[in-house]
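Undergrad: Sequence:
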Amino acid sequence: MKNFNKLVKTIAVSTLGLGIATGSISQAQAVSLVPTQEGEIETTNLGCLDDNQCIDTTQQEFGYTVESLEYDENFDLSRLFVDDRTTKNTYGIGIDSITFGDEDGGTNPEFGKFWLRPAAFQDGEAVEGGNLEVGRFEFDFLGKTANEVRLAFFDVEDSDITGIIEQVNGNSTNTDDFLLEGREDGNIQTLVLKDVKSFVVQLGNVHSSKFNTGDGVNLKVSVPESQTSIGLSVLGVAGMLTLKRRKTASQKLKSK
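Quick note on my numbering: the sequence shown kicks off at 1 and runs consecutively.
Derived by calculation from the structure, the hints in this document are not laboratory data.
Predicted model only: the values in this text are computed from it and were never measured.
Note that CB positions come from ideal geometry on N, CA and C, so glycine has one too.
Any given hint could turn out to be false.
[Stated by the list, open to error] Each pair of labels, with its calculated beta carbon distance range:
1) Thr87 / Ser172: 36 to 42 Å
2) Thr87 / Asn171: 37 to 43 Å
3) Gln29 / Asp123: 41 to 47 Å
4) Gly94 / Glu225: 24 to 30 Å
When you get a sec, could you build the whole thing from the sequences and use the hints?
TA: Right under this line is the structure:
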């Protein structure tokens, strides 16, 4: 089994700008925003290759949209999938088809884990049959603000390409500060964003200096349940508790 080394960085997002700090952050209580079923994420501008395998993320308990963005003028917009290496899946028909097996040419997370997996396209065809995990995407929380969002990147081997790029909450960032270093095969690096409504993320590199086929990267997105704002609690529990506390406080005041 591979040794999945982890690195965590924290990005604080505020009206004054962005900052980075390194530190250890517990994954306990984290609620994954990656659907627990395989399929294609229904992006707002591409839809899905197969309507029967399409995942509408706005219907998640913590709903959001994903838009595929241009990252290279020589490549088409990428598609985004939920994938678990345990099973083999095929999406689409003919030249547009994509097949994910249990072994990729270079990007192979642990079995039994769901990851967001981009697929690069060029001239209308999936590059390497869908096995080049490269793309740029904007995630939008539909007007909500998440106190904290964790982005886990799997297998970043090229430096200064993968990471938060262009915009967080619609504001431009100093891109160089928020791109990850290339590390050994199978590494996991995590960026933690604070107070987030939307973000743009770049995954992988089609012009890799290390690999002829490019550097593929997978992604996980999660929200620590204990740190989400009350109005955004994924299960709505925080809001219920707050209401109960207010009622209790009101009853105490009346009894005085």
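Undergrad: For every hint, state whether the structure bears it out.
TA: Hint check:
{"no.": "1", "hint": "Thr87 / Ser172: 36 to 42 Å", "result": "holds (40 Å)"}
{"no.": "2", "hint": "Thr87 / Asn171: 37 to 43 Å", "result": "holds (39 Å)"}
{"no.": "3", "hint": "Gln29 / Asp123: 41 to 47 Å", "result": "holds (45 Å)"}
{"no.": "4", "hint": "Gly94 / Glu225: 24 to 30 Å", "result": "violated (43 Å)"}
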